[in-house]
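**Q** First to last, the protein sequences are chains A and B. For the first sequence, my numbering gives the first residue as 1, with consecutive numbering after it. For the second sequence, my numbering gives the first residue as 503, with consecutive numbering after it.
Just so you know, these hints were derived from the structure itself, not from any lab. Glycine residues also receive a C-beta, built at the ideal position from the N, C-alpha and C atoms. A couple of the hints might just be wrong.
[To be verified] Covered, in the sense of this in silico footprint (three residues per stretch, anywhere, with C-beta under 8 Å from a C-beta of chain A), are these stretches of chain B:
hint : region
1    : 1134-1141
2    : 1145-1157
3    : 1162-1173
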Amino acid sequence: MTVGRRPTKLLLAAMGGEGGGVLTSWIVAAAEAEGLVVQSTSIPGVAQRTGATTYYIELAAAGGAVPVMALYPGVGDVDVMVASELIEAGRAMQNGFVTPDRTTLIASTHRAYSIIERTAMGDGRADAGRVEQAAREMAKQAVLFDMAAAAREAGTVINAVMLGAIAGSGALPLSTAAIEAAISGSGKSVDSNLAGFRLGYARAQGEDGTAARAEDKRPHLSDRPTADNLLDRVVRTFPAASRTTLREGVNRLIDFQDPAYAKLYLDRLDAVRDAAGDDDIVTEAGRFLALRMSYEDVIRVAQAKTRPERIAGLRREVRARADEPVVVTEFLKPGIDEFASVLPPALARRLIAWADRRGLKAKLHVGLHIKSSTISGYLLMRTLAGLRRFRRRGYRYAVEQAAIDAWLDRVGRAARIDAGFAREVIACANLIKGYSDTHRRGIENFDGIMATLVDPTLAGEMDPASAAAAVRGAREAALADPEGNALRETLAAPPVAKLAAE
Amino acid sequence: MERSFKKEVQSLRLGDGETFHGEGILAVTKALLQSGVSYVGGYQGAPISHLMDVLVDAEDILDDLGVHLETCTSEAAAAAMLGASINYPLRGAATWKATVGTNVASDALSNLASAGVKGGAMIVIGEDYGEGASIIQERSHAFAMKSQMWLLDPRPNLPTITRMVEQGFELSEHSNTPVMLELRIRACHVHGSFPTRDNRRPQFSRNQVIEHPDFDFSRICLPPSTYAQEKHKIEFRLPAAIRFIAENGLNETFDGDVGEIGIICQGGLYNSVMRGLDQLGLTDADGNSRLPILALNVTYPLVPDEITAFCAGKKAVLMVEEGQPDFLEQAVNVALRKADLQTRVFGKDVLPMAGEYTSEVVLNGLGGFIAGTRPAGVDAEAVAARLAALMAGKTRAAELLGAAMPTRPPSFCTGCPERPVFSAIKILEKEIGPTHMAADIGCHTFSTLPPFNLGNTVLGYGMGLASAAGVAPNMGKRVISIMGDGGFWHNGLTNGVGSAMFNKDDGVLMIMKNGYTSATGWQFLPSSAQDRTGKDPGMSIEAALKGLGVRWLRKVRTYHVAEMIKVLREAMTSKDKGLKVIIADGECQLARQRRIRPKIAAQLKRGERVVRTRFGVDDETCTGDHSCIRLSGCPSLTIKPNPDPLRTDPVAHVDNSCVGCGLCGEVSHAAVLCPSFYKAEIVQNPRWLDRLLDRVRRAVIGRLAGAAA
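Same shape as in the complex, but just chain B (with noise of 0.2 Å):
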C-alpha cells in the first residue's frame, strides 16, 4: 500500500474520555468501531482509498473485536455485502469511491434499499467532486432519491462527521433504510481531533455467531414483496426517518442578529459559508455569523417542518448547495410553497450551478446574496467593498506574471512500466497510422493528456474492451483496447474479454499487469504477487484468459520497446481474426522502488556490490529538439539552459530522480532519435576486479585521449 497506517491505527484503541488526533478516514473508522459494526467491505479509490488502508492495517484490532473485513474486487460485491442487514441485526459498512463506485453497485443497491435494513447498513462514500477529482462530476444525491436511501453530509469536522456515522446507524435501523455518509476529498483529509468512546463489540460477529437463518419472503425482492416494499418505502420508512431527524436534532440551526434573511446550507460547505461570512465583515468578534443559519447534516430527506420554521419571518433565504440539478434548492422552493411562505429562495442565481464551490466561489455567492438583498443592519456597500478589495489581488497578479502560469497535468511516474507501451504505439503509429484507442480507467488513462495523447474514449473502469465492441467494426484499422490489472478483475474479465469473446470480436487488448491497483495507492489485487497476509492469492491473469478461450495471447516485459513494437505490429497486422492479448508485464515503479530501496540500502550497508543504473544525456551532442521528451515525458526527463555559447534553446537534461529503467535508452534506439543519451551503471562497494579493470581501462583510455588532444 501507498502509505502504512500501522502508528496510526492505535488511535483506534482509544476509549472513553480520550481524544483522538487524526485524518477524517481515520475518525470515520473510529466511529464505526463505536458504533458496533460486524463486517465492514469496500473498495478503494480516492479519496477513501486510506479506508480501506486503515482497516488492512487495523486488522488484528478488527480480529479483537470479531470484525470482518472484505476487500472486495469491486462495489458491486461491496454493496452485495451489505445483505447481511437485511435479516439480520447485524450492523456493517462498506466504503468506495463515488459516483463512479456508486454506479457500479447501484445494482445491489437498489435491491438493498427495496427490502430494506433490520441491522444498520451505512456506506461511506468519498463524493469525488472538484479540484483533485479524477472522474466524472455528478452527484450521489439522485441515488439517495431513487433508491429511497439517507444521505448524510455533515459539517466537516471529525465531531460532527463521528457523531453523524453514530447517529447514522440509529437513523437507518430506526427506519430501516441504509444510509449514505457523503465525505468531501478535503473531508477526507482533514486532520483535526475528537473525543472518543469505548469501541463496541457487536451483538453478532465472527465470535458471536448466529445460530439460526432467516428466512421472511417480505425481504426478498420479488413480486409481490416489491410492490410491498415501495409502499413501505413511502408509509412507514420516510416518516420514519423524518421523525428521527427531527427529533435528534441531526440539522443544526445557528442564530445571527441579521434577522431578514438567511443561509441553508449542506453541512459540508458550512465552513466554506462561514469563512465567506468572515471574509465578507458578516461575523462578530468572536467569529460568530450575523446572518442565521441552517447547516443540513441530512440532505436526504429534507425535513419539510425545519425548513419552513427556519424560513417564516424572513424575506429571503441562500440556498448553498453544491453541484447540478438543484434537488435541494427545488425542495426549499417546495416545501415554502406547500406551506404558502412568500419567503425568496436565492441559490444557483448568485452561485454556479456546475462546479466545486471553492472558498471563492462561495464568497462571491454571499456577495451576490446581500447585494440581492440589502438587509436591514447590514452596510450593502461595505461587503461589496471588501469583496472587490479581495478580487483585485489576482487581477494584480495577472498584470503582473503577464501570462497564465504552465499547468502540471498528472502524468506517469518516473520510470513508470507504462509509459513505453504508449511510446511503443507513438512510435508504431508513424509506420502504420493512427487507429481508434479505447482506454480505460487507471494510471494508463494519462496516456490521454501530454506529452501522448494517445487513447479516444474513456467509459469506465475495465470497460476499455468493451467500449471497443461498437467502434471495431465501423473501423478502418484494429482498435486497441487497454485494460489495467484493477480493470481487469473489476469489470474487464467478464463486460470485457467474455463478451468479446463471445461475439468472436477482432481487435487488441493490451493489458497493463503492473501488480497492483496503483492508481488508488497499490493495493494487492488477485493476480498480485502476494495478498494482504503475504501469501501468493494464486490468481493469474492468463490463467482467466485461457480460459475463456483466448489463443492469442502475448506477454511482452513493457521497457523492452522494441519487441513491444514488435508484438503490436503482429497483433494489428495478423490475419488471425479475433481478440488477440498483450500483457504488459511490468511492476509498478513506485512499488518497486519502495520495495527495493530499504534492501538495496541494507546490501550497501553490509559493503556488497551493487551496480545503480542511471541515464544522462551529452549536453553537447543535445540540439534541443526534444522530441525524446515528447515520447516519454518522464518526470527525470526534463530540460535545462543550454550550456552551449552559441545556443539559447534548452538542452534535455536527465536529474537525479532517475530510477534507470532504460526507456531512454531503448526509445533513443527505437525511435531513431539521436546520439545523445548514455546509460551509467556506477559500481557501488567495488570489488578488486572492478577496481583493477577500472583502473586499466581508466589508465588507457587516458593516455589514448591525451594524445588525441
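Excised from the complex, chain A in its bound form (with noise of 0.2 Å):
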C-alpha cells in the first residue's frame, strides 16, 4: 500500500510484559529506515502492571511540510488497530477504532482473563464468540487467529507474531525486508523473534496453523470392564439423548467407588425418568448427580493424584524435558472434617460436636507438604487412596447420600409440577462444591434456597413458573460474593406469586 501526506494510523493495544512497547520501536526503526516520516506515543505509567495499554503510531510520507501528527487515536480514524487478545480487540470497537470503512483489525483471539471473570465464583467469562463475530463485521478487513499460540509455536514473545500478522496483512506501507532489519537491529532475540515475525506474517497470509485448536475437554472415560450390564442398561432404558452423560456417569462412579455404587446411581436415575417427561431434565439430572455422587472426599483427591497417567500430564504442564526429574509437592490441610469423614457416623457426629464446643474445627488443622513424586509420599497418597474400600461406613458417605436422595426427591416432585422449576432444582447442585469453607457455604446457600424457595412451591405454596425464576436468581445471587450478602437480600425478598392458601 502506498502512504499519502494524511497520516497512516495504526494503534495497538496491549497489557504490560507483552511487549508493545518493543513493537512500537520496531514499527518506527522500519518507517525510518523507508524514508517515512513516523511518530509514536504510548501511555505506560500505571497500566504497564499487569494493566491495558495503548500504543499509537502514525506514519506519513516525507518532502514537503512536516505534517500534523496526533497523539491520540480519532473516533472512526484508525487505518490498522492491533489488539493483543480478544476483549482488547472489543474494547476497541466500543471505543469506536474499529469501523467498516477503512480499519484493518489485527487480533489474537486467545483470552487472558481479567479479574472479574476470574474471580467470579461460577462462570463470568465474557462472551468471546460474540466479540469474534463482531470483530468480524466491524472490521474492513479481519485477520484473527490465536498469536499467542503461535509465539509459543515460534518459542518467542507476541509482540513478534503480531508485527508478522501486520506485515501479512500489507494495511502499513512497510517492506518485510524493512522490517526483518529493524528485527535484527535491535540485536536481542533476533533469531526467535524472525521465527516469530514469518510466522504471523504466514499466518496473516492466510496459511493455517498446523497445530489443531487444543481440546477444551478431557475425553470420555473409557468403559470399566466391570460396567457392561450397566451401560446395556441405560441403552435400554433411558433415553437417546442422555446416554453420553450417563454413560460418563456410570464409569465414573465404578471409577470413584465400584460397580454397586454405579448401580445406585441408575436406579436413582429410573426414578426422576419416570417422574419427567422430557430428556433433557434426565441429562442434567444425570449429569449432576454423578457430580454430587463423587464428592471430593480425601479418598478421592488421593485417587486423583495417584493416577498413573498424571505424572506425564503435569510433567507435560510444567514443561519438563524428558530427562529433567520432576519433584512434586502437594498441599494438602486436612482437619476435622476430613477425619471424621472417614470415621463411623456414631464416632464421627461425637468427635465433631466436641470440636464444635471447643471451637476448635476451624483450629485444627495439620499442613502437610507430601512429595508425592518420592516412593514414601507416594505410598501415604495410596494409602488415603486405599481407604476407599472403607468408604461405605464413613460418616460422609451417609451425610452425602442422605444429602443425595433429599435433593431427587424434590428433582422428582419437582418434575411432576413443572419441568422448567425441575430444571431449576436440578441445577441448584452446582452450588455444593469445592471444600472447607467453600464447601461449607455451598451447602447452606443450597439449602437456603431450597428451604426458601423450592419446598414452599413443591407444598403448593408459590406458582411453579414465577418460582422457577426465582430459583435462577437466587442461585446467580448465591455466585455474586462469597459473603452470602446478595443471596441473603435476595431470599429475604423473594419475587414469588404465594398461591393463596385454600
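Take each chain as given, in its own frame, and dock them per the hints.
**A** What follows is the structure in C-alpha cells.
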C-alpha cells in the first residue's frame, strides 16, 4: 500500500509485559529506514503493571512541510487496529477505533482473562464468540488467529507474531525487508523474533495453523470392564439424548467406588426418568447426580493425585524435558471434618460435636506437604486412596447419600409439577462444590434456596413458573459474592407469587 | 531501573546540524544540555521517571560537561535545589510528576519564586492527567498563578518542545522568574525528531567553580524583603515576561480562510485540535486548518495584546483548555472585556469542564462550536453529518458486542512480594473482623482494587501512617497503616513515624520493603542494596526506626503467609500500646527476575544444576470456585475451560508465567482452601544422583500405579 501526506494511523492495544513498546520501536525503526515521517506515543504509567495499555503510531510520506501528527487515536480514524487479545479487540471496537470503511483489525483470538472474570464464583467469562463475530462485522479486513499459540510455537513473545501479522495484512506501507532489518537491528533475541514474525506473516496471509485448536474437554472415560451390564441398561432404559452423560456417570462412579455404587446411580435416575417427561431433565439430573455422587473427599483427591497418567500430564504442563526429574509437592491440610469423614457416623458425630464445643473446628488442621513423586509420599497418597474400601462405612458417605436422596426427591416432585422448575432445582446442585469453607458455604446456600423457594413451591404455596425464575435468580445471587450478601437479600424478599391458601 | 537508556543517551552527544531521533523525555534532556545547565535533579514518577533514568545513564556525559546530578529523595528536595539559581548565574533544572510532586515541592517553590532567580531555573513537570494517570486530577496551572511562575505548554512535537526549553531559560533569566515546562503523558513518550545543536558548557560548574559567595538580603525571604519581592513580581518580572513572550514569538498564530471564528488552544492540545478539524473536513488539501488558530506555548502569563489582536474582527472564538477551573477562558474573557471587544468566547460550554481532552472529546467540542456559530464559508450541516458518521461506529459496536468489555485494572505483578501481605490481611480479617486500613501511594495502592479491595483512604505519598492519626483513636480496632520503602524515605519517616512516636499513637504500621521505588520503575532508594554507583548506601529502615525509638519491630518474609498472619495477629491484639511496625520484606519480583534471569541462563549454559520451581493446579480436583484467585489475583493464576466433560464452570489454572514464588501453596494452606495446588520443582541439568533417584522413583511408582489400575 502507498502512503500519502495524510498519515496512516496504527493503534496497538496490549497488556503490560507483552512487548508493545518493543513492537512500536520496530515499526518506528522500519518506517525511518523507509524514509517515512513517523511519530509514536504510548501511555505506560500504572497500566504497565498488568493493566491494558495502548501505543499509537502515525506514518506519512516525507517531503514538503511535516504533517501535524496526533498523539491520540481518533474515533473512526484508525487504519490499522492491532489487539494482543480478543477482549482488547472488543474494547477497541467499543471505543470506536474499528470501522468498516477503513480499519484492518489484527487481533489474537486467545483469552487473557481479566480479574473480574477470574474471581467470579462460577463462570464470569465474557462472550468471546460474540466479540469475534463483531470483529468480522466491524472491520474492513479482519486478521484473527491465536497469536499467543503461534508465539509458543515459534518460541518467542507475542509482539513478534503481531508484527508478522501486521506485515502480512499489507495494511502498513512498510516492506518486509525493512521490518526484518528493524528486528535484526534491535539485536535482542533476533532469531526467535524473526521466527515469530515469519509465522505471524504466514498466518495473516491465510496459511492455516498446523497446531489444531486445543480440545477443551478431556475425553470421556473408557468403559470400565465391570460396566457392561450397567451400560447395557443405560442404552435399554434411558433416552438417547442422555446416554453419553449417563455412560460417563456410570464409568466415573465405578472409578469412584464400585459397580454397585454405579448401579445405585442408575436406580436413582430411574425415579427421575419416570417422573420427568423431558429427556433434558434426565440428562441434567444425570450430569449433576454423577458429580454429587463423586464428591471430593480425601480419598477421591488422593485417587486423582495417584493416577498413573497424572505425572505425564503434569510434566507437560510444567514443560519439563524428558531428562529432567520433577519433584512434586502436594498441599493438603486435613482438619476435623476430613478425619470425621472416614470414621463411622456415630463416632464422627461425637468428634464433631466435641470440636464444635471447643471451637476447634476452624483451628485444628494439619498442614501437610507431601512429596508425591517420592516413594514414601506416593505410598502415603496411595494409602489414602485405598481408604476407598471403607468409604461406605464412613460418616461423609452417610451425609452425602442422605443429601442426595433429599435433593432427588425434590427433583422428582418438581418434575411432576413443572419441567422448567425441575430444571432449576437440578441446577442448584452446582452450588455445592469445593472444599472446607467453600463447601460449607455452598451447602448453606443450597439449603437456603431449598427452604425458602423450593419446598414452599412443592407444598403448593408458590407458583412454579415464577418460582423457577426466583430459583435461578437466587442461584445467581449465591454466586455474586462469597459473603452471601446478595443471596440473603434475594431470599429475604423472593419475587414469587404466593398462591392463596385454601 | 526498569529500562536502560545506555544506548539512547549517546544521542545526547549530537552536535550542530545533526538530527535527533528519539523519545520526548530524552529530547528534553538534550535541550537542557544545549541550554548550558550546571545542575539537574528531581524525583521520579510517571510520566517523567525516564528523565531521571536518562540522566543517571548519562552520568559520564554530564561529568564531562561538569553538570551535577542529584537523585533527590523527594520533590521538596529537588525544588530547594533550584535555590542555587537565586544568587548565581547558574542554570538548573528539576523534574517531577505533577500535581502531586508540585504539592510536595510547594514550600520551596514559593520561596524560590518570591526571591526570584538570577540564573535560569526550570521545572520539567510531567502532567499526570487523564488516561494512564495514577494520581488525583488537578492542574499545575494554579501553582503558576499563585506563586508567579511562568508555565510553558509547548505544542507536542520535538522541535517545539526543545525550542521552548531553550527559550524558557532565557525567559526565566529575562524576568528573574522560575519557569515550569508542562508535558502531558503522551508528549513525554512521543517519539520524533529535531535538529540538534552543540551542548553548552556552563559558565560555572563542578569543573569551573564559583570563587565568592554572594550575600544579598533582598533575596532572603524575610520581611521586609518579601514585600519588595512581591512588588518586584508585579512591577518588573511580569511585564518583562510578557514583553519577552511577545517579542520572541513564543506563542504561535496559524492563519485560516474562515475569518469569522477562530480557536485558541493550549499548545499541548494543538495536535488534537488539528486532527479534529481534519476529521470534520475543516482542513485544506495540505492538511492546514481553515480556521485561524492561536496556540499558546505559554499558558501563564497570557499576553493580552495577542489575545485581542487574534479576536478582533471575529464573532466567536473557541478556547480549548483542558482541566478545571477554566483559568484561561476567564482570562481571555477579561482581556476581551477590557479591550471592549464583543467576540463571544466558547469553551467549557461545548467542551467538558473536567477530564482529559482526548481526540473524541475535542472532536465533539469542535462540532459543537461549528453548530453554535455556523460561520460563513463552512457547511455546518456537512460538518454535523461527518461528526455523526464518525460517532456511529461506537453505537454499532455496542449493539454487536452486547455488553461492555471487562476492564483490566492494574494489579500486583506475577510473584509480587506485596500480594502475600494482603492475602494475609484478608485471611486474618475472617478471624478478627475488618478494620480501617490507611493505604499509601505505591504499588501497594493496588490493594484497594480487586481482588483484595483493602484500604479505606489514600492521603498522599508516605502519608499512610500520618493519615491514621485521627481515625485510630476513634476506631474499635487497631488501624493498619501501609507504607512502602519509597514512601518511608520520601515522607513517611518524619510525618508518619516521627509524629506517631511523638504522640505515642497506638497502631500497626506495615512497611513494604521491596528495595526500590518500584511503581516508578525501580529507582534506587536509601535502603536499596546498592545505589546508582553500585555501592551500599549504608542506610537502613530498621536503624532509622530504632533511632526514632520504635521498640515493637518485626521483620517477616512476605511470602510466609502463615508467619505474617501470626505476627499481624500479635500486633493487632497485643496489650502493648504504641506503634508496632512490621517490615514486610521481599524484593520486587520484576527487579529480581531481571537480576537473576541472565544469571540462570548463564548457569544453564555452563551445564550447572538449576532447579526451576512453578506451581500448578490439578484440574480434576479443582471445582471452579476460584476462592484461591480471590485471595491472590496473581496474573499467572488464571482460569481455563473446565476439561471435565460433566462440568461447565472454568477451573483455576497456573500459566507458564509463574515464577514459583510459593504464594499459591501458602494461601491454600493458610486459608484451608483446597488440595488442588501442587508445587513442581524441575531439576535442570540434573546430576547423576538426581537421575538415579528419579529413575528408581519412577520405576517403583510406575509399578505401584500399574498395580492399582
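**Q** Apply the coverage criterion to the region 1134-1141 of chain B and chain A: a residue qualifies when its Cβ sits closer than 8 Å to a Cβ of the chain, and three qualifying residues are needed.
**A** Our answer is that it holds, as 5 residues pass the Cβ test (under 8 Å) against chain A, meeting three.
**Q** Would you check chain A against the region 1145-1157 of chain B, counting CB to CB pairs closer than 8 Å, and say if three or more residues qualify?
**A** With 8 residues closer than 8 Å to chain A, the region 1145-1157 of chain B meets the three-residue bar; holds.
**Q** Count the residues of the region 1162-1173 of chain B whose Cβ falls closer than 8 Å to any Cβ of chain A, and tell me whether that reaches three.
**A** holds (count 4)
When each numbered hint is compared with the structure, no violation occurs for any of them.
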